[in-house]
Amino acid sequence: MTVLSNNDPEPGNAAEPLVGPGARLRKQRESLGLDQSRVAAQLHLSEAMVEALEWDDFDALPGSVFTQGYLRNYARLLNLPESEILAAYQHLVPGDQQEHLSTKGTVTLKQEVRSSHGLVRLVSWSIALGLLVLLYFWWQGRFGWQEDTLVDLLPEVDSLDQPLDLDEPLAEPSVIVQSAEDYSSDSISLAAEPIPRVEFPEPSERIPDDRTESLPVVEEAPVPEEPEIAVAEQPTVPFEDTVQSVAELEPVAPAKPEASGKLVFEFDGPCWAEVRDATGRARIHGEKRAGFRQEIDTDLGPFKIVLGDASVVRVTLDGESYDLAPHTRGNVARFVLNPE
Amino acid sequence: MLFRRIRGMFSNDLSIDLGTANTLIYARGQGIVLNEPSVVAIRQDRGPGGAKSVVAVGEDAKKMLGRTPANITAIRPMKEGVIADFTVTEKMLQYFIHKVHESRIIRPSPRVLVCVPCGSTQVERRAIKESAAGAGAREVYLIEEPMSAAIGAGLPVDEARGSMVLDIGGGTSEVAIISLNGIVYANSVRVGGDRFDEAIVNYVRRNYGTLIGEATAERIKEEIGSAYPGNEVKEIEVKGRNLAEGIPRSFTLNSNEILEALQEPLSGIVGAVKTALEQTPPELGADVAERGIVLTGGGALLKDLDRLLQEETGLPVIVAEDPLTCVARGGGRALELIDERGGEVFTVE
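Those sequence lines, one after another, are chains A and B.
If you read the first sequence in this note's numbering, its first letter stands for residue 1, the second for the next number, and so on.
If you read the second sequence in this note's numbering, its first letter stands for residue 1, the second for the next number, and so on.
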């Protein structure tokens, strides 16, 4: 027992690193006055095994599990602390033998795939990121499409409209592009129509400005288009004629804003609607009932329009019904209307 | 099926020691991850045919044993090593499997190896298998408890030498002789830790005219219980209801009394060991005589049980390291060996 109490952790380990459990057991047995045969009888082991235990000759003993069991029993018989004897044994025989016995033949354990595994995390993050990117493109594709088509169309509209300052609706440019004949007839008909509405004072004030602006532009009107017009219908018509024909259209331009300038919404049934002007101010907002009607000046455009149920709303631009079908998905129409 | 396999990638292989008293789970690569009493507390809603719901499982439920109101019952779904209540066992397993996969987002679907008593019938084994499958296991393997215990204790089961193992569980004690990865002889007696507790309750009632609960009996067993007369006598003060007066009384018990109380169940275990030794082929018997018997299971923690067996059989008896977890750990190693050598090595149908 004195040996135990003196056995300080540091010096003990340093001074006698190779002292196994056997020496302590032997010393204790001798101090108690027991002989090996008696111990062997009490432990039901052979004397040779007791001797092997006392001399740390573990190769002569059956195996780690049994050796540890015998040591524990021996220590208990001699009233020695079992844990210390076992610790001394494990110090002497690092726990390889036990592993060797029990998992003999076990080579390498198959690595489990866990959610905490680095690679799994990396893969899942990249999948999530990929999905986000796809979502972004889809979003762009869905809502950017309408803007794109408008932007595509607008230059064509501008090329013909700006010089003439026609307040044509967006759907019409396609008609204009078709042929000079259509164009002229259209514009003439437009010229005929708007005249009765000349009484609007504001647009009339703008006429001179528009004209001054438009006149020089007429000269700058893209040449390639004019020959085309000429070739299509009147191959022999000289350039002056085309200029003249354009000049004939001149009165149309000033008449346009007078006649139009109104975007009219008429509701045949309940529908949620939102119309915002260029400044972002809501002109129509919220659910409107059947029979609701609102006129908005086109000057405030372009408009951002959302109609919850496009089928019950009639939109009229400059007195002409505006087709909502191209902008409608499901029941909802969502588009930007640029009256210019 | 495919989804289960994917879920399985995020689950650990588990070895479950579905014991009568405690359920232990060993997760591959992690060690023992769960050790809880096999107790489930169930609430029955009022009225005939009222819905049943699980109130608590494991440690929490054990605290309720014998202390529940009328609408809650704390039950032990395993009796004598086999399933006594199939549904409740399934619920309990489900809870435990989820508990060891707590941090996972994906519902676990692990491969599970369950230990069964070697004396269990085909029907009982099938019940355990179905119960584990119902609790979400992808694949279920069964292994006989003594084999698992021997592997867990570190015995050289693959050698051509006889190793004798005695596993004393809560409901059963299994004794087996193993050689070359197979069981040469096995016997199971329905005596275990629960019978020790029962014996103590009966003893106290007979000699003190006082009724004590099972939990108290277990505490007495753990603190002063012993299987062999020792040099020192320990005492414990316990409280129970005096049957004559009907009033709770406190009294003192000593270790010798408990030793006397435990005589009957202990003799059952000793008898089983002696029978096993008689039935063992002589070569293997010689191996056992040379090296000794290894004790595993919670029952091996009863003081001086090894001493008793040593004196009774005249053979060296050793207690395995950490006997309580031997079966679960052995199951874990068996899973590794199954991966290596194919599923037929240890499993039983």
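Source of the hints: derived by calculation from the structure; they are not laboratory data.
Backbone N, C-alpha and C define an ideal beta-carbon position, used for all residues, glycine too.
Don't take every hint at face value.
Stretch by stretch, here's where chain A covers chain B in the computed footprint (C-beta under 8 Å, at least three residues) [what the hints assert, rightly or not]: (1) 151-157; (2) 310-321.
If you only want the chain B side, here are some residues facing chain A, beta carbon under 8 Å, derived [as the list claims (entries may be wrong)]: (3) R43; (4) I183; (5) G292.
Results for each hint:
| no. | hint | verdict |
| --- | --- | --- |
| 1 | 151-157 | holds (count 5) |
| 2 | 310-321 | holds (count 9) |
| 3 | R43 | violated (33 Å) |
| 4 | I183 | violated (17 Å) |
| 5 | G292 | holds (6 Å) |
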